[in-house]
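Based on these hints, arrange chain G on the given structure of chain S.
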Amino acid sequence: MRFIINYVFSEMLMRSNDTLGNADLALLYRSHHSWLHSWLSRRIGCHESAADLAQDTFVRLLKSRQISPLREPRAYLSSIARGLMIDRYRRRELERAYFESLALLPPQAAPSEEDRLLILDSLERIDRLLDLLKPRVRQAFLLAQLDGLTCLQIAEKLCVSRSTVERDLAKALQHCYRLRYAEQ
Amino acid sequence: MPNSEAQVLDPAVVDQAIHWLVRLRFNPADEQTQRTFEHWLRQRPEHFLAWQRVEALGDDFAGVPPDLARHTLKGARSGMHRRQSLKLLGVLATVGGATWLGRDYTPLPALLAQQHSRTGEQRRFQLDDGSLIQLNSDSAVDSYFNEQRRLIVLRRGEIIVNTGADAGSAQPRPFWVQTRDAIISTQNARFLAYERDDGTLLAVQRGAVSVFPGSSQTLSVNNTVQAGNQRLFTSNGVREFKDNGLDVWSWSDGVISAHHMRLGDFIGALSRYRPGLLRCAEEVADLRVSGTFQLADTDQVLALVAQSLHLRIDYRTQYWVTLSAAS
Numbered sequence: 000m001r002f003i004i005n006y007v008f009s010e011m012l013m014r015s016n017d018t019l020g021n022a023d024l025a026l027l028y029r030s031h032h033s034w035l036h037s038w039l040s041r042r043i044g045c046h047e048s049a050a051d052l053a054q055d056t057f058v059r060l061l062k063s064r065q066i067s068p069l070r071e072p073r074a075y076l077s078s079i080a081r082g083l084m085i086d087r088y089r090r091r092e093l094e095r096a097y098f099e100s101l102a103l104l105p106p107q108a109a110p111s112e113e114d115r116l117l118i119l120d121s122l123e124r125i126d127r128l129l130d131l132l133k134p135r136v137r138q139a140f141l142l143a144q145l146d147g148l149t150c151l152q153i154a155e156k157l158c159v160s161r162s163t164v165e166r167d168l169a170k171a172l173q174h175c176y177r178l179r180y181a182e183q
Numbered sequence: 000m001p002n003s004e005a006q007v008l009d010p011a012v013v014d015q016a017i018h019w020l021v022r023l024r025f026n027p028a029d030e031q032t033q034r035t036f037e038h039w040l041r042q043r044p045e046h047f048l049a050w051q052r053v054e055a056l057g058d059d060f061a062g063v064p065p066d067l068a069r070h071t072l073k074g075a076r077s078g079m080h081r082r083q084s085l086k087l088l089g090v091l092a093t094v095g096g097a098t099w100l101g102r103d104y105t106p107l108p109a110l111l112a113q114q115h116s117r118t119g120e121q122r123r124f125q126l127d128d129g130s131l132i133q134l135n136s137d138s139a140v141d142s143y144f145n146e147q148r149r150l151i152v153l154r155r156g157e158i159i160v161n162t163g164a165d166a167g168s169a170q171p172r173p174f175w176v177q178t179r180d181a182i183i184s185t186q187n188a189r190f191l192a193y194e195r196d197d198g199t200l201l202a203v204q205r206g207a208v209s210v211f212p213g214s215s216q217t218l219s220v221n222n223t224v225q226a227g228n229q230r231l232f233t234s235n236g237v238r239e240f241k242d243n244g245l246d247v248w249s250w251s252d253g254v255i256s257a258h259h260m261r262l263g264d265f266i267g268a269l270s271r272y273r274p275g276l277l278r279c280a281e282e283v284a285d286l287r288v289s290g291t292f293q294l295a296d297t298d299q300v301l302a303l304v305a306q307s308l309h310l311r312i313d314y315r316t317q318y319w320v321t322l323s324a325a326s
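These protein sequence lines map, in sequence, to chains S and G.
Taking numbering that gives the first Met the number 0, the leading residue of the first sequence gets 0, the next gets one more, and so forth.
Taking numbering that gives the first Met the number 0, the leading residue of the second sequence gets 0, the next gets one more, and so forth.
You can trust all of the hints, since none of them are fake.
Computed, partial: chain G to chain S, Cβ under 7 Å:
(1) 56
(2) 59
(3) 60
(4) 62
(5) 63
(6) 65
(7) 67
(8) 68
(9) 69
(10) 71
(11) 74
(12) 75
(13) 270
(14) 274
(15) 276
Pair ranges (Cβ atoms, derived):
(16) S:114 / G:41: 33 to 43 Å
(17) G:284 / S:114: 16 to 26 Å
(18) S:111 / G:325: 19 to 29 Å
(19) G:324 / S:82: 39 to 49 Å
Because the hints were derived from the structure by calculation, they are not lab data.
We treat Cβ as the ideally placed atom computed from N, Cα and C, and that holds for glycine.
Next up, chain S with everything else stripped away, as it sits in the complex:
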């Protein structure tokens, strides 16, 4: 697996003309990769996972639209790596909660094993979105999307005006849009 990532990485190095200069990136990789690996190893106590995360960090850096050379590369790399660690952690929490939920629901409601990954991927994106929303906005958005309630019904449920609900939903959708189209 890591071999493949390495390969992908070198492929991407060759293609990314519009972002960091190739030479910059290669230099960055050479001078900080092993530092990042040991930084991660110390934190998660697992050599293999740390190696994967270190690769993922560089891949993420490549995909980002970082244009200027980095002034503090290690701070920048470790902040990406930290984000990835949290993503993994969140994913695991979601998976745990998913299985716990399955146990609570009637068996016929359980999706097939094949659909599990697709559903978890969706839930991961939804979870990331919910994280950005204020509690009331979050609640209104879930009532609209999961329960299919109209603005008026949500307004009654939350004891706010209908225009407030409409504003809340618009806000949630703006975040949604930004996650999908602006932050890649």
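What follows is chain G alone, placed relative to chain S:
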């Protein structure tokens, strides 16, 4: 549509599209609103593109059963909030070299340090006592060792354990594997444990393994499985394991090996090794597959099987593949 994906839209237009979505999807719309909307939609091409994107924003919700989504999201959020997990990482940074092995149950580091493999990935590692663990695709384990025992908790998926000599201890500590359905105990063995939908499959290649079905409170029934045998356990006891032609050990060599196996079963087994949906049509599910295939390239496995059985492969996307009879 790679070009339109990348196109940056005027935020004001996006806001308008969102406004329309709220009015049309989350409110009962009258004809007048509908007409005004359609007029807006036709005004400029950007309007249309913005609408397409905005309309698809709820796609993630469409694919998940509402009850399951509600429970899961709530459970995950109550488990630990993102900000708390940030704090947690701060704590870990100061704890420093808290290692995954060699200490007893340490909840926080264990949460992050769990060993896991992704879909399609297999992984092997050695524990402090010399035991070798192999993780199959999409699997996860924790290990909690103390002076009395060596304990592995199978969180998900499938492992092969080859117990080590435990030379560091005065005498080898018992080796336990806890799964959803049973606790497995041995001193010295090579065995496989796989959490399936219908129970935990246990196969033993070397030595002998004792199984206690159910949770730790009901350790009354003991079954010993000798080398060369396979059993299926549920939390209630033993079930007959039906051999469907799959060599359950084959993944440890990076291959999937089948003998006169139903195509439906084979596809089910293969789908564990690739993300997304892999299915075969009912009319071909009873065809038989024999052979040994490299797991590293599941597309190639599909191509080989399709060729030998005269099947058609439909790639709806890379993540949604269906096999059916070639017309």
